[in-house]
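Q: Below, each chain spelled out in residue letters.
Number of protein chains: 2
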Amino acid sequence: MANVLGWLVSRGNNTEAFVVSSEETFDVIIVGAGCLGVATAYYLQKNSPDKKILLVERTLAAGQANTAMSAAAVRNMFASSTNQLLTDTSIKYFEYVQEELGYDLFFEKTGYLWLLGEEQFNHESVKVWMERMKKSGISHKVYNKEELKAMIPNLNVDFAGDEEAELMNLHEVSYGLFGADCGVLDPTRLVEYYFEEFTKISHVKPRFGVNVEKLLLEADPKLDLPGEPYAWQKKKVNGVVTDKGTIRADVVVLATGTWTNALLDPIGIDSLTKGKKRQLFVIHAEDKEDLQALLDVKGFNELGSIPFTILPSAGVYFRPQLQERGFWIGCGDKVGRAYKYIQNDEDMVPESSYYENSMYPVLSKYFPAFLGARPVNSWAGGYNYSPDRIPFVYLECGVLVVNGASGSGIMKADAMGRIADALYRGEAEAELYGGKKIPSNTLSIKDRDVEVESV
Amino acid sequence: MANVLGWLVSRGNNTEAFVVSSEETFDVIIVGAGCLGVATAYYLQKNSPDKKILLVERTLAAGQANTAMSAAAVRNMFASSTNQLLTDTSIKYFEYVQEELGYDLFFEKTGYLWLLGEEQFNHESVKVWMERMKKSGISHKVYNKEELKAMIPNLNVDFAGDEEAELMNLHEVSYGLFGADCGVLDPTRLVEYYFEEFTKISHVKPRFGVNVEKLLLEADPKLDLPGEPYAWQKKKVNGVVTDKGTIRADVVVLATGTWTNALLDPIGIDSLTKGKKRQLFVIHAEDKEDLQALLDVKGFNELGSIPFTILPSAGVYFRPQLQERGFWIGCGDKVGRAYKYIQNDEDMVPESSYYENSMYPVLSKYFPAFLGARPVNSWAGGYNYSPDRIPFVYLECGVLVVNGASGSGIMKADAMGRIADALYRGEAEAELYGGKKIPSNTLSIKDRDVEVESV
Chain A
1 MANVLGWLVS RGNNTEAFVV SSEETFDVII VGAGCLGVAT AYYLQKNSPD
51 KKILLVERTL AAGQANTAMS AAAVRNMFAS STNQLLTDTS IKYFEYVQEE
101 LGYDLFFEKT GYLWLLGEEQ FNHESVKVWM ERMKKSGISH KVYNKEELKA
151 MIPNLNVDFA GDEEAELMNL HEVSYGLFGA DCGVLDPTRL VEYYFEEFTK
201 ISHVKPRFGV NVEKLLLEAD PKLDLPGEPY AWQKKKVNGV VTDKGTIRAD
251 VVVLATGTWT NALLDPIGID SLTKGKKRQL FVIHAEDKED LQALLDVKGF
301 NELGSIPFTI LPSAGVYFRP QLQERGFWIG CGDKVGRAYK YIQNDEDMVP
351 ESSYYENSMY PVLSKYFPAF LGARPVNSWA GGYNYSPDRI PFVYLECGVL
401 VVNGASGSGI MKADAMGRIA DALYRGEAEA ELYGGKKIPS NTLSIKDRDV
451 EVESV
Chain B
1 MANVLGWLVS RGNNTEAFVV SSEETFDVII VGAGCLGVAT AYYLQKNSPD
51 KKILLVERTL AAGQANTAMS AAAVRNMFAS STNQLLTDTS IKYFEYVQEE
101 LGYDLFFEKT GYLWLLGEEQ FNHESVKVWM ERMKKSGISH KVYNKEELKA
151 MIPNLNVDFA GDEEAELMNL HEVSYGLFGA DCGVLDPTRL VEYYFEEFTK
201 ISHVKPRFGV NVEKLLLEAD PKLDLPGEPY AWQKKKVNGV VTDKGTIRAD
251 VVVLATGTWT NALLDPIGID SLTKGKKRQL FVIHAEDKED LQALLDVKGF
301 NELGSIPFTI LPSAGVYFRP QLQERGFWIG CGDKVGRAYK YIQNDEDMVP
351 ESSYYENSMY PVLSKYFPAF LGARPVNSWA GGYNYSPDRI PFVYLECGVL
401 VVNGASGSGI MKADAMGRIA DALYRGEAEA ELYGGKKIPS NTLSIKDRDV
451 EVESV
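From first to last, the protein sequence lines are chains A and B.
Going by our numbering, the first sequence opens with residue 1, and the numbers climb by one from there.
Going by our numbering, the second sequence opens with residue 1, and the numbers climb by one from there.
Isolated chain A, as found in the complex (with noise of 0.2 Å):
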């Protein structure tokens, strides 16, 4: 046969042995501390203690960047069953983080309400999801204007003869869906939580400030030609080149959210993912009477608090912050606002404008106690859209792909740990808390098998 690699070795050097003794090696690169990088490190090291794990963060400390950023509200009341299992067990895995091992991680079972209208409630949407939770066993109850009215007070429920309010496209509040099992934790906690049982077990110092340039995607076999891999060449990520220099494994991890385009589309895996800006306001009760009295609700939860709560228009909602007496406002708008192809430093500056445009207009006339309520705190960050608002987990090449949780990665941390973990160990099925199962490929891109999230 003609030999036609020939000339093509005669480009190539040798000075590969070299390199490689020249760079450090582990088993495992873990790329991003956020909530799913430490909870993935954690499960990866205890599941196999013998593996050399390095944790490596560009910021310069755990669970700074998103996660931090994040309302750290958890729910389980999802319309996907995924999406239900992946939250249900890592809720109940936090509580007994909290409770069993007295870990305290501010988690408060505040309970999720979505304020809906007529309309919204009786969307088919609305009907799949409310049976879907029921056939899954998820906590919900149902409550109508008249028991809201009672609850909330000054609790606004409809708007006839409101000329803004009709300019403003707000639906009435005629039912609310709540959720029992829901609530709000302190984000940084859990991922030092995370962090903490990791760093016990690890062989290998987590190392910050370093910032991952690019994977290593190599032939497999390397042959040492000039520009390989080729097109007919098997690859493989062997590790990870950063500004502190190339660092060698066998898988790499990537938790690296609305920053993982960056990394994966110059290999040719498209992530299928892409960020969006979200921002939180801090209002104060303080010596408002009006939203002393909201912050207190009673009859939802035994903390005698108002719940998390999603108005029906323009996606704002609140989160109760009851250790400083206040609540944050946020927003999930839909079209009107960029997709970000990859998170830059503009997606983490809060703009006052937004809050007064766009959430404080509909906050206020929900609930007139925050009527000239001005924010005393606000910061923003990324949410890691996937296409179906489901997760992806999969290891593909040598890269293990923890992302895409769509907004809601701190809520599935612990299940998506746990999958990438069987991933990682080549087990069929991930083990997760309170021991259901689930295949580990049931989050990949090439063996999807889920429902679309509606919720």
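Hints were generated in silico from the structure; no laboratory data involved.
Hints are all accurate, no fakes.
A pair counts as met if it fits within one copy or between any two copies, since identical chains are not told apart.
Below, in silico cross-link-like pairs of lysine-lysine (DSS-like), each with a Cα-Cα straight-line distance of 27 Å or less:
| # | residue 1 | residue 2 |
| --- | --- | --- |
| 1 | LYS222 | LYS234 |
| 2 | LYS127 | LYS446 |
| 3 | LYS52 | LYS222 |
| 4 | LYS141 | LYS298 |
| 5 | LYS109 | LYS92 |
| 6 | LYS109 | LYS141 |
| 7 | LYS214 | LYS334 |
| 8 | LYS234 | LYS334 |
| 9 | LYS46 | LYS436 |
| 10 | LYS234 | LYS127 |
| 11 | LYS244 | LYS222 |
| 12 | LYS235 | LYS446 |
| 13 | LYS234 | LYS145 |
Starting from the structure of chain A, add chain B where the hints point.
A: Okay, now just chain B, sitting in the frame of chain A:
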């Protein structure tokens, strides 16, 4: 009720009436005069003869960007019944244009030939592919190794003992899967056909050299508030901002392929598509007897030519080019070459090293006739991939998106143009050439109803 908008309104201005009067207005603006843009323009105008439809294009002529860079092969041999329908009806329309209307598209039924190894041929995905083709009545035929060897001079069907071939992961050739109703055409001729037909019936002269910089997303209704649209407002795209000024329209069609993300992401619509660079290299048969013999292989088609041929390894393929007595060599590489968020100039530049390293070794192993062959010409362009390799056609917020054809836009252009037109006219179904119908929302993101494409 409390007035919460008053202070917003007070900050507004009322220059809008003036601005509108200085801008042109059309019924439809079509952005992009590639094959999908011109086909859509034609069907829109044909079925809405009174509408003012403006076609704008960044380059200086129709079909001169990625369409012109295409291998311009057409096949109805897909695994998904959706792609089968889109291509089969489009190809039949091209035949009609050439045979009945007498407009020469240089459409030649060379056929398509997949060379496959034993394991590849017996793979579940190939079985599904063949079953679905049978069900849809797509012409296909299987050749065995001996038949192929008898028909194609010097074809290497196995590499036993060839160490290079083993290093190169080359599959043997055990079968050929052939489709007689496939072929090649001239993409520029096809674009010219639709463009000429469109301009015959259009009321507006198409504009070239116009770069659309962003979509004009506005509040609906506009309240003239500063910074609107806000989260609580309905929104609609009412035109485009170009380097030659703002142009308004009821509907904006985006037939912008690998540049779509630059327009949709800023308004918060995730196109779910990404680009990938593809390159073609031209080899002339000239006075090389072996290449002449390969080009003139008999038995596959009435032309007495080798079909469009896909090799079993590395995604390498070639297309016979009968007018210039040569071959175009291409490669559908996978992991290892970058996905592109937005196509840039670099993606239009072919790399000779890509031919030398990734294509030539594979090509010349199977077809030694190519040994020593060097390209006389080359070019590059971008495929616009969707996640399931099925195109997108949907109308959302005033934007009619026609993209994601995943490398087979030319062969789907007629069907996609008809579906786009049906959506524009609010028809529940689109009638494709030959009378077959397809629900207009089949290719949408929200109501997508397709089988994932695997071929």
